[in-house]
Amino acid sequence: MLVLVVDSSTPAVIAALVEVTAAGVEVRAQRCAVDARAHGELLAPQVDAVLADLGARPSALGAIVAGLGPGPFTGLRVGLVTAATMGQALGVPTYGVCSLDGIGFPAAAGEPVLAATDARRREIYWAVYDGAGQRIVGPEVSAPEVAAARARDLAVVAVIGDGAHRYAATLELPAADEPRYPMPVALAQLAAERIAAGAPGEPLTPLYLRRPDAVAAAGRKPVLP
Amino acid sequence: MADEPLVLGIETSCDETGVGVVRGHTLLADALASSVEQHARFGGVVPEVASRAHLEAIVPTMERALTEAGVTLADVDAIAVTSGPGLAGALLVGVAAAKGYAVAADKPVYGVNHLAAHVAVDTLEHGPLPEPAIALLVSGGHSSLLLVDDLAHGVTPLGATIDDAAGEAFDKVARLLGLPFPGGPYIDREACAGDPAAIAFPRGLTAAKDLAAHRYDFSFSGLKTAVARWVERRQRAGEPIPVADVAASFQEAVCDVLIGKALDACRSNGVQTLVIGGGVAANSRLRAMAEQRAAKYDIRVRTPRPTLCTDNGAMVAALGSHLVAAGVAPSRLDLPADSAMPLTTVSVTGEEWT
Ligand SMILES: [Zn+2]
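Chains as they are written, first to last, in numbering that gives the first Met the number 0: chain A, 0 to 224; chain B, 0 to 353.
Some clues are possibly wrong.
Calculated from the model, a selection of chain A residues having no Cβ within reach of chain B, i.e. all distances over 12 Å [as the list claims (entries may be wrong)]: (1) Pro178; (2) Gly197; (3) Pro199.
Ranges of calculated distance between the beta carbons of each label pair, as one might list FRET restraints [claimed, not checked]: (4) B:Pro341 to A:Ala21: 50 to 58 Å; (5) A:Ser58 to B:Val35: 32 to 40 Å; (6) B:Ala287 to A:Val33: 50 to 58 Å.
Covered stretches of chain B (in silico footprint by chain A; criterion: 3 or more residues with CB under 8 Å from a CB of chain A, positions within the stretch not fixed) [to be verified]: (7) 90–96; (8) 129–141; (9) 223–236; (10) 258–264.
Please keep in mind that the hints were generated in silico from the structure rather than gathered at the bench. Please read all numbers here as calculations on a predicted model, not as lab measurements. The beta-carbon is built from N, C-alpha and C at its ideal position, and this holds for glycine as well.
Start from the sequences and build out the full structure, keeping to the hints where you can.
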């Protein structure tokens, strides 16, 4: 089955077409552009481009997988609204996967790792994965120091992802080069069971992890002296 | 007419998620989801709260609009979406949604100007708009006076507020009087029982010295402060606040300036048609005063019904339909959300559709 994968939880704007079969997941076409300020401009043309690469009509899609974040809100929503509207228009199910899993799961090599992406405001979105790539802690958002302390407790041997590189000094663990951003093949693999079973689609609920910045209206200041 | 364009419109520039369906000048559906209640305790629209609500509401609102109109996405000729001006994050949800639908259903997408859409919505009520026309657009986010020479290709801004939007002044005065948010409908209701001549509140930018530089501009900040001073003085003197009289006198001052300047723009440009749009256009005094004063100059006032004055998807669909009929090129798929989209841009046209 041909499946569209999108993720906009990091500065990388990702669109991919994958073939999901009983044998596994194979990437057929993908586009990844790194530009934290242009998710809205880039994603739809990239979806269009991967379809064009295969000469496929959108109606050929059997399902859509989207990275749910965590990620900076404005960019994250672009991927989710794109997936949700396309799923609605095509009448195909949409499945959500934690975007950090797209980094931590493919990094599995027998020892625990910490996957992190940039949360701005000197914080990271992070999660810890066991040696088999299963998420055991997270996703959370916090200062890198907090994540570093948890990583020590859990005997993490390496950190991975864009956010880990950015705060490598604070995390005090070796940083693995790849993947820096969620891998579409991994996101599809993590949804493959649901896809193969023809599970009902899910509403794509973003993992914001933070409340909106807003304060309730305070008392009015008088204008008279 | 079967050959009139069938257009979907998506609006997410502020706190309303709107999807409208229009065929030619005929309104087929206008589905709306509002996050206004989530903003009430903040006393104004919180952008992130609005953006989150748009993401949750867009798919079900589209579903309702299509069902109400009895059409499918495959039937439509184009998808129009507000691409600016407005709240950046909120606009982005609508623009990305429009592109998602456009890619999936292989339809052209038109990124359109929110203010031009406020003008276009009147065609659903009163048919094609005679050009040129003057448009007065007043809401919580904007207060503008435009010369509409050609709604498909360009409008000329004549003036705008230099401080608060008219709707913002309504919200602030409502709060001062202990009335809920958004203030417009509550002020309107209170004012019905009040005396509009009870208190002489100032009319901003109407003095001779201001008119030279700001003939068609508005200012509501001084009015808001004057109301606050008047109310505080009464409070300090331990006297009760005549809420109905304050509301009526304040409302009268706002309407007096808006209508006065709009009619001045009509007369000095030799224009016989005045369109009024935006949330404040739902104000009953504004509508009555416009009719009354315009009649003296033989100027026709066109104001859509109140539900079409506030932000909605139908207005975007109405403008989209006008653009398709006029043969205007659609936008490209890399269409950005532009929170500061200039008034002179009615729609973002791409060279080609790929
Ligand atoms: Zn508006």
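Checked hints:
Every CB of chain B is more than 12 Å from the CB of proline 178 of chain A (nearest about 25 Å), matching its label as outside the interface. Consistency note on glycine 197 of chain A: stated as away from chain B, and its beta-carbon is indeed over 12 Å from all of that chain's, at 20 Å minimum. At the 12 Å boundary, the C-beta of proline 199 of chain A stays outside the reach of chain B, the nearest C-beta of that chain being 15 Å off. Look at proline 341 of chain B against alanine 21 of chain A: about 55 Å separates their beta carbons, and that is inside 50 to 58 Å.
Between serine 58 of chain A and valine 35 of chain B the beta carbons are some 38 Å apart, a value that agrees with the proposed interval 32 to 40 Å. Between alanine 287 of chain B and valine 33 of chain A the beta carbons are some 57 Å apart, a value that agrees with the proposed interval 50 to 58 Å. Using a Cβ-Cβ cut-off of 8 Å, 5 residues of the segment 90–96 of chain B lie near chain A, which meets the minimum of three, so the contact claim holds. Proximity of the segment 129–141 of chain B to chain A, defined as three or more residues with a beta carbon under 8 Å from a beta carbon of that chain, is not established by the 0 residues found.
Coverage of the segment 223–236 of chain B by chain A holds. Counting CB-CB distances below 8 Å, 6 residues qualify, and the rule asks for three or more. Beta-carbon proximity to chain A at under 8 Å applies to 0 residues in the segment 258–264 of chain B; the threshold of 3 is not reached and the given coverage is violated.
Checked against the numbered hints given earlier, this structure breaks hints 8 and 10; the rest are met.
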